[in-house]
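Chains X and D are the protein sequences, given in the same order.
Everything in the first sequence is counted per my numbering, starting at 1 for the first residue and increasing by one.
Everything in the second sequence is counted per my numbering, starting at 1001 for the first residue and increasing by one.
Simulated from the structure, these hints should not be mistaken for lab results.
Do not rely on the hints blindly, as some may be mistaken.
Stated by the list, open to error - Listed below are the simulated DSS-like cross-link pairs for lysine-lysine, each with C-alpha atoms no more than 30 Å apart in a straight line:
#	chain 1	residue 1	chain 2	residue 2
1	D	Lys1204	X	Lys413
2	X	Lys417	D	Lys1032
3	D	Lys1123	X	Lys417
4	X	Lys315	X	Lys274
5	D	Lys1538	D	Lys1428
6	D	Lys1334	X	Lys76
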Amino acid sequence: MEDEVVIASSSIEAGIGCWGLRSGAEHLRYRSCASPPHGLVSVAGRFLASSQLRDSSSSSGSVLFWSWNKPQVEVKSFPAEAINPLACNSDGTYIVGGGVSGHIYLWEVATGRLLKKWHGHYRPVTCLVFSNDQSLLISGSEDGTVRVWSLLMIFDEEGQQRAGHLYEYSFTGHALPVTDIVTGYGGSNAIILSSSLDRTCKVWSLARGTLLRNIVFPSIIDAVALDPGEHVFYAGGRDGKIYIAELNAQTTSNNNNNNNYGLHIIGTLSDQSKAICSLGFALDGFQLVVGSEDGMVRVWDTKTRNIIRVFKHAKGPVNNIVVMRQPAALYPRTAGNNNNQGPMGRRHVALPPPLEKYSSIDEHSELNAFITPRSNSYDATTYTTLQSMNNQINELQQHGSSGASEMELERLKLDCKRSMQMVQQWKKMYQNLNQFCVGELLNGEGDETNLML
Amino acid sequence: MAAFDHVQNMYDVALKPRLLRSFIKELIPDEKQQLGNPLELSQVVSAIKTHGLLSERVAQTDDNKKLIEKWKSAVDLWVDRLLMLVSSNMPDKCWAGICLLGVTFEECSSERFLASYSVWFQKLLSHLQPPAESHFVKVSCCVSLSDLLTRLGGFPNMKKDGTSHAAKLVQPVLKLIQEDSSDAEGAVRLLCTILNFFPSSLQKNYDSAEAAIVTKLIYGKCNPNMLKKLALCLSLLPKSKGDEDTWSLMIQKILLAINILLNDSFQGLEEESKTSETMRALVPPGKDPPAPLGGLTVFDLSNKSTERLSITNISTLMLCCSTMLTTSYPVRVKVPIKPLLMVVERVLNVDGSLPQTMYPTLTAMQQEYICTQLPVLHSYSLEILCDIIKEARSQLLPHTAHIIRLVTEYLRRCELPELRIKLYGLIKMMLMSMGVGMTIYLAEDVISNASIDLDSTRVHGGEAQPMNKKRKHENAISFLENQSQIIYSPKNHVPVSVKIAALGALETLLTVGGALRSESWRSNVDQLLITVATDACKNGWAKEANDVYTPSWGDFQLASLRALLASLLSPGRFRPAYLAQGLELFRGGMQETGTKLAEFCAHALLSLEVLIHPRALPLIDIGSSVEYPVNVNGMKDKFMKNNIYSSGVTVTGGTSRNEAESEEDDLYEKWVKDGENEIEKNTTENAVSIEATINVPEDKGKGILVETQSVEETALKNMETEVEVAVAKGVSGGGAANDVVGRRFETVGGSEGGGEFVFALGDNDNEDAAMDEIPDIVDVEPDSDEE
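My request is simple: use the sequences and hints to build the entire structure.
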């Protein structure tokens, strides 16, 4: 069965750890990475990208790429300013980064070009996520706002002028910096869940642009994860507890309880560890992967509420957790499965060029799309003789086409020729017979005369 | 063979060699016999295919040894007989032999194929070099060879052999294509197969192949089927070199040829500036244009061919473009989106009208001819757009605004049914590909156009309401789009097929973005769809059409029901207004057993079941005896409660729900210190739960996660308590965060009145207040930009 990998990075320079979720085995450790929260992404499973924490003296930021099978950094980019969160759409076409100045940058992965840069917030951007259908970008900032951007609008200058502002929604409910954002299923009816230093998590409606629920926690929440059934969500607190808060309960849909301390919180997962820094769900929707300040990554089973696995990452806080399908490049090389790896298998995937510092796009630059090869082994093998033959038989039956009549003609010609030969033959035979008879007759007469004699 | 040597049954392996032998004896002619009725051949082939007579697949056991021998000799005999037929000088027998040999390539065992394919290849090649007399023989020979190469291409270790064999075919095949006859059909197919499986065999003849294909495309007077195949050939051709540049060069050449031809044909119909702009996009100033496509110079392409020819050639070349986009290529290629879009835009902008600013330079007859050909060009342009969206997907983002403008503009002008259907299909795809973001852009236009298409000529007697609606929408558009006054208004009766396409577009719109900012249009669309569906279905259910191409009334019914389901399921704020009518329609439709409609109605009822009995299923099976831990800090674990509650959410579970509540009272006491509040809470909630099912109050635009409708009085009654709690919280909690929250609650309590007591934050008033605190980019309410 296909394994999943847990990828974790920390704010101190401890590299990126990578473990098989089921096997528990550690794969490569990718070196020299010290990432800010939300600064680690897997770009469509092709490679890893992470923004870097840098000392305040350097003016430019840093984003590094690693390919799956090499521990060293392969591509280094230096954006115009320090980038905190990174996000990437599911196709891996674009990488979005949020700068400390509040600007949001959008790069094209294939060429590294900076396609757009816009002023998103007044304070540093803290988190960036794509909506489920990849058409919206949701950003959170230290200024406490959560904003929803339509990517189409970002690229549509005419539309911007008509609308007057770039964002679709700007949620200003949080009083202190936003720490994490997740978004759920449901397309246009999805919810957006944001957590903040103000000890609250807020649930926003994408469809209506309103606040649906406000949940107050006893501790600052640094990370949230949404249960795939959106029944509850998990909030990792600075007090080391993972709070379980319900989303769709009607029990509390009562006016009295709206702001009650601890309301909607229906339980905790806790093992007395240090502050929770990051959360991620495994694909099965039951295993919650938790990165903690003590440098450990713990896997909880949310059904039984037990810790089922612990990975040791570093001494520093694990502030990024990514859980994903194991990329093909991480499968061990064995003689047996070399052939069935498909096109993405063993071949080393070349990494894209570094991300641009300043945009080189002007009116005349080409914005091309790339078509990546697909395996065509399924559609090409069609045999056509039978079909063609049946068509020809049809034609023959109808005696309609020139081809059919031509063939008929040919056949008749040959028939005719053969008949002519036959005629010749018959003629010859007749002549022979005739001669023979005549001869016989003459001879016979002779014989008869002999007899008579 | 003994007369009573029976086989077990029709699955018996022993039957197969015997069957094959008897076929050879009776139906396949030998040297002396004439070919009988060709129909018999197809019977033989079908028997071979059903029984696998040539497969020689037997378990290798000792018992089977004799059988294996028998079968092997039978197949040997079969092959020998066929080879004899192939070399026969009678064309019909030769043809039969070639065809049956082609079937053998597909059916025989791998061992046999690998052992003797080169012999077979030589035999067939002898009919192509020099070419045989008979047309049938040539075509079937090409087709059989194509099957041989297809089979050979399936063996990964035969690439080299295959390539060398295929290389021998290239010259004769190109010659066949060049010859002006209908023989090219098989030859083109063979060329496609070569390019698919052994592309490198064409490396040396790349230019001559390109020339041959292009010449045939331009001058060949081929039928559409043949054109498609030739276009496929041309788009596969770059594979023979297999690098990115070849592909890019090819599409650049095609685009250039299209533009040159367009310059010629559209003279006098479009502004000159357009022309030079597109050419500049294709060949940037300072760069040399590529060699002309297929070696045909500008002169060849435009001047030599008459006007008539050139327009058909444009459509042919556009077909090549879209085939190139959709055909898979071994390496990653760069698609020149901008030039492609410019061609599309150029074509779609020409509708045959003469620009007012220009002195007419073309005769009425020329205009007439162009008008007859334009729909074809438009259709191909839309096709190219579709392919771009399909292939480029998310990479299209920088261009999407351009495409949207192109499409909406065209949607307003386009009147021909066929093109409108295509256009709706395109819109559907755009909505699917870009989801929510796209609905924000397209909703208005799609709805206004689709409602016009669905309303303007109602087949079953019109009503007064459609006209009003149409007017309203027109106003809406002209209000929004001041710059263009063109409004789609079909002059003729709208065919059913267009209505089906319009319904499809609405369905997708509701599926993808039914909830987002839909307040302005949802109720109208919902009403439109229920009216269309009831009207479509009121005269009973139509029979399913046998004809695939012309949509019938039955298809319309199905489309209307599909759209209706989307309208019922698409998230809204209250119970869908037409739920009962919808359910009735689906129930009726489900009776039509054996039709697609019934299948769909069953699916619809299943989907709606969740709407009627909302589920919030527990994570864990409550029946299981897993013990859930009590948390360390004294918080009672409420998971169980939640589970029970969730199962009690169902509307029907009134009593069980009360039980659940009472069980939990003591749990609650620990949570909520104020016992008084608790009691009141329970009573109000029961009241709400009962009344919610019967009362659907007006939608106040407030967010509730699980929709429960509130009753205003209840809310008012509880308002005081709410404010009290909110204030208390604000004071006791301390800290900036709580302060803000508390304050905002007061605002809610004061200004809102009633109706909203579940989640009181986030309405516009409050948002404004919050915006004052934190400076904003532009102080426009995010919700109000569309109005």
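How the hints compare with the structure:
1. Lys1204(D) x Lys413(X): violated, 42 Å
2. Lys417(X) x Lys1032(D): holds, 15 Å
3. Lys1123(D) x Lys417(X): holds, 26 Å
4. Lys315(X) x Lys274(X): holds, 12 Å
5. Lys1538(D) x Lys1428(D): Answer holds: Lys1538(D) to Lys1428(D) is near 28 Å, not above 30 Å.
6. Lys1334(D) x Lys76(X): holds, 24 Å
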